[in-house]
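Asker: Build the complex: two chains, separate frames, hints provided.
Sequence order for the protein chains is A and B. Mapping to this note's numbering: the first sequence position 117 is 117, numbers consecutive. Start counting at 1 in the second sequence, then tack on 1000, and there's your number in this note's numbering.
There may be inaccurate statements among the hints.
Here's a subset of chain A near chain B, in silico, CB distances under 8 angstroms, partners left out [as the list claims (entries may be wrong)]: (1) Leu54; (2) Arg82; (3) Met84; (4) Tyr123; (5) Phe186.
Simulated from the structure, these hints should not be mistaken for lab results. C-beta atoms are modelled at their ideal positions from N, C-alpha and C, and glycine is treated no differently.
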Amino acid sequence: MAEVMISVDGLTVEYEGKRVLNDVSLDISRGEVMVLLGGSGSGKTTMLRHIVGLEKPTSGTVRVRGADINRCSAEELMAIRRTMGVAFQECALFNSMSVEENVELPLHELTNLADPVIEIMTYMKLAAVGLGDSGKLMPQELSGGMKKRAAVARATALDPEILVFDEPSAGLDPIVAAGLDELILFLKKAFQMTILVVSHELASAFRIADRLAMLDHGSLIAVDSKDAFRASTQPRIRQFLDRVPDPIAESTAVQAHIRELAGLAGART
Amino acid sequence: MNVLEAVGNSVIQALAYVGALTMQFLSELRASPRVLPLTGRRGRWKTAIRQMAAIGVDGLPIIAIMSVCAGFILAMQMGSELRRFGALQYVMDVVSVGFTREVGPLLTALIICGRSGSAFSAEIGTMVVTSEIDAMKTMAMDPIELVFTPKYVAAMITLPCLTIMSSTFGILAGGVFMYITTKIRFAMYLRYIFNSIDLRDVWTGLLKSLIFATIIVNVGCMEGLRVRGGADAVGRSATSGVVRSTYLVILADAFFTAIFYLVHKG
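So here's chain B without its partners, still in its complex pose (with noise of 0.2 angstroms):
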C-alpha cells in the first residue's frame, strides 16, 4: 500500500466514522422525548435521572477538586507575572473570564470523558459481548432509544450544570489567592467577578459544554456498540472512548472557541 493509498484509508475511516457518529445522535434527538418526564415513557425519565446520578452527583466532588486546583494555579501562575507590572488586580479578571470561557467547560468535559465516556464504552461493550443489545432488538425494543439516550439527555442536563460548579469553584480558589497575597474582602472580589464576567461568555462556556456532551455520550457509545470479541474488546473500547473523545472534544473546543473568536471580533 502507498502513501497516498494509506492516506486516503484514513480520511475514508474518519468520515465513516464522524457519519456513524452523526446518524447515532440524530437518532438521539429523534427518540429524546420518549426519554422526557412529560412526553416520554413511563420509567424511561427514571433511567435519565440515574445517569444524572452518576455523571453528576458522583462527578462533583473530583470536579470540585480538579476546578480548586486549577483556579488556584492559573492564579498564582498569573499573579507572579501581573505582580512585576504592578496589575495584580487583573488576576481576578484573568480567572473569572478564563474559567467562564474556557476552563471550567474544557476541564469539565475532560474529567467527564475519563470517568463517565469510558463507563458508556464499558456498559455498551459488555452488553453488546453478553447479546443484551441483540435480546433489545429481537423484543422489539431500540437500543438507542433505551440505552443511549437517557445517557444523551442526563449527559445535556449535568454537564452544563458542572461547567457551572467548576467556574464557580475555580473563580473561588482565585478569590482564596487573591485575599492571602492583597488582603482584598470576599464581598470586594465577588463584585469585582461580576463586573468582569460578560453574560456571553457564560453563554458560550454553556454552548461549549452542550457540544462536548454530545460528543462524550456519542463517541463512548459508539465505542461500545463496536466492540467484537471478548473481555479484551470491552477493555480496548473504553480506552478507545477516551482518547477519541478527548481528541474530539479538544478539537470541537479549538473548532468552536475561533468561531466565537470571528463572531465577537465581527
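Isolated chain A, as found in the complex (with noise of 0.2 angstroms):
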C-alpha cells in the first residue's frame, strides 16, 4: 500500500460561528494526483490554505508525511513546507522582481547552492514550462497563462514531493489550460510528486485526476477513481456533472425576500 503524504481526519472550520468545512477527512498517496472539486463557496481553497498550514482549524488534524502540521513547532513546519509547492490562484508572483528572480528566491533562500547552479536550475525550471526565454520579463508582462506556469516554476524550483494547486486552470482558455494539465501529468510522471489540484473545471479535472474528491457545503461528498466518479448517482455529483443550475430564484427564501422588498403582504410566513 503507497504512503500517505496528506492526510486529512475530522477537519472543521469555523468564521465567526459559520462552519465553513464540516468533519472533512481525506487521504492522498504517494505519487497520486487528487483533484478536489466543488462549487464555488464549497470550502476548496479553504481546505487547501488548511493542508498547507496557512491557517488553524477549530478541530480535526491535517498531517503532512505524518507529522501533524498544527501541532510541530515552527523548524518542523518549515521543514514540511521545504518538500511542498504551491502554486497559488492569483499566481502570488513577486511583483518586485522578475520571472527568474522569482524561481531564484527559494534556492537562493533555502539552500547552500552556488549562484551558477542556481542560475541553471532557475533555467531549467522555467524551460520545463515552456518559459525558458522569459525569464528577464517581469510578472506584470506576462499573460495570465505564462503567470500560472511561471507560478509552477517557482513552486517546483525545490523539487518538492508535495505539489498543491489552486485552480490553476480558473480564466485560462482551453488551449492553454489543457497545456497546464499536461504540465502537471508531466511532473506526476517525471518527479513521482503527490499532487493536490482543487479545481471546478470538470476537462481537466477528469484529465490529470487519478481519484477525485467533491466538497459540496463544507462537507466531502464523495471520494473516489474518475470511472466510479462518472458513473455516480449521487444527486448533486450528477447536478455538478450535468451543469445542472441550482433553482436560486424558485427558492422560498428568495422569493419570501422578493415579497418583502415589493411591500406584499404575507411576505416570509
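Answerer: See below:
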C-alpha cells in the first residue's frame, strides 16, 4: 500500500460561528493526483489553506508525511513546507522581481547552492514550463497562462515531494488550460510528485486525476476514482457533472424576500 | 453597548495593537543579524540598501527643503521677539538647541511617516492582497525576515543620518537669517553654534530618531499586514499607517522628552 503523504482527519473550520468545513477526512497517497472538486464557496480553497498550514482549524488534524502541521514546532513546519510547492490561484508572483528572480528566490534562501548552479536550475525549471526565454520579464509583462506556468516553475524550484495547485485552469483559454494539464501530468510522471489540485473545471479534472473528491457546502460527499465518479448517481455529483443550475430564483427564501421588497402582505410567512 | 463597555473595548484593542507591534518588533530584532552584511544571508543586505536609498536618498531633498524653511521660520519668529530685548544673538542658541533636540528628529520622523510609512503599508498590503505573503510562508520563508527586517534595518540607519542632515540644514538656515539681520560672519556663526550645542542634545535627538524609526516601520508594516479585502483596503491601510505612526511618534516624543527632562534635571 502506498505511503499516505497528506492525511486530513475530521477537519472542521468555523469563521465567526459559520461552519465552512464540516468534519472532512481525506487521505492522499504518494505519487497520486487528487483533484478536489466543488462549486464556488464549497470550501475548497479553505481546505487547501489548512493543508498547507496557512490557517488553524477549529478542530481536526492535518498530517503531512505523518507530522501534524498544527501541533508541530515552527522548525518542523518549515521543514514540512520545504517538501511542498504551492501554486496559488492568483499566481502570487513577487511583482518587484523578474520571473527568474521569483524562481531563484527559494533556491537562494533555502539552499547553499552556488550562484551558477542556481542559474542553471532556474533555467531548467523555466524551460520545463516553456518559459526558458522569459526569465528576464517582470510578472506584469506576462499573460495569464505564462503567470500560471511561472508560478508552477517557482513551486517546483526545490523539487518538492508534494505539489498543490489552487484553480490552475481558472481564467485560462482551453488551449493554455490543456497545456497546464499536460504539465501537471508531466511533473507527476517525471518526478513522482504527489499532487493536489483544487478545481471546478471538469474536463481538466478528469484528464489529470487519479482520484477525485467533492466538497459540497463544507462537507466531503465523495472520494472516488474517475470511472466511479462518472457513474455516480449521487444527486449533487450528478448535478455538478451534468451542469444543472440550482433553482435559486424559485427557492422559498428568495421568493419571500422578493415579496417583502415588493411590500406584499404575508411576506416571510 | 454602554460607555464603560465602549471604553473597555477601546483600551483592550489599543493594548492588543501595542502588544502585536511589540511582538513584531521583537521578531525583527531577532531576524536583524540575518540581514546585516557579515552575519546575514547573501543578497539580504542588498534589499536593505535598496530600502536605505528609498528612505534616505530619495527622502533627502524634501527633508532639506522643509528643514531650511523650518530653520528660517524659527529664527525669524525668535528674532522678532528677542530683538525687543536686545538679545538677537540668542536666536543662534534657540535654533541650534531646538533643532538638535527636537525639531530635527521630529520633522524628519513626520516626513518619513508620510513618505515611507505609507509606502510600507501599501507595499505589504498589496503583497497580502495578491497572496505574496502567503506564498512566502508556504515556501518556508519568513516574511518578517525577508520583507520587514530589511526595512527596519534601513530605517534604523537612515533616520539618524537624515536627522543630522535636517538639523544641519535648519541651523544653516538660521545662519542665513543672522547674516541678513546682523551681518554676522559665517565662521563666527558656526563657532557660536558649536559652543552652544551640548553633545547630550545631539545624543538625545539621535536616540529619539531611533525610536521614531522603530515606530514608523512597525506601524507601517503592521497596517499593511492587517489588510483584508482589495484595492480600497490597501488605500485605507496606507492612510491608517500614516495617521497611526504620526500619532505614535508624537506621543513617544512627548514621553521621551519628559524622561530626558527629568533625567537632565536630576
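Asker: Are the hints correct? Go through all of them and say.
Answerer: Going down the list of hints, with the structure as the test:
1. Nearest Cβ of chain B to the Cβ of Leu54 of chain A: about 6 angstroms, under the 8 angstroms cut. The hint holds.
2. The interface hint given for Arg82 of chain A is met, as the beta carbon of that residue sits about 5 angstroms from the closest beta carbon of chain B, less than 8 angstroms.
3. Interface hint status for Met84 of chain A: upheld, as the beta-carbon distance to the closest one in chain B is roughly 7 angstroms, under 8 angstroms.
4. Against a cut-off of 8 angstroms between C-beta atoms, the interface hint on Tyr123 of chain A is violated, since the closest Cβ of chain B lies about 19 angstroms away.
5. For Phe186 of chain A, the suggested interface contact is broken, since its CB lies about 22 angstroms from the closest CB of chain B, more than 8 angstroms.
When each numbered hint is compared with the structure, violations occur for hints 4, 5.
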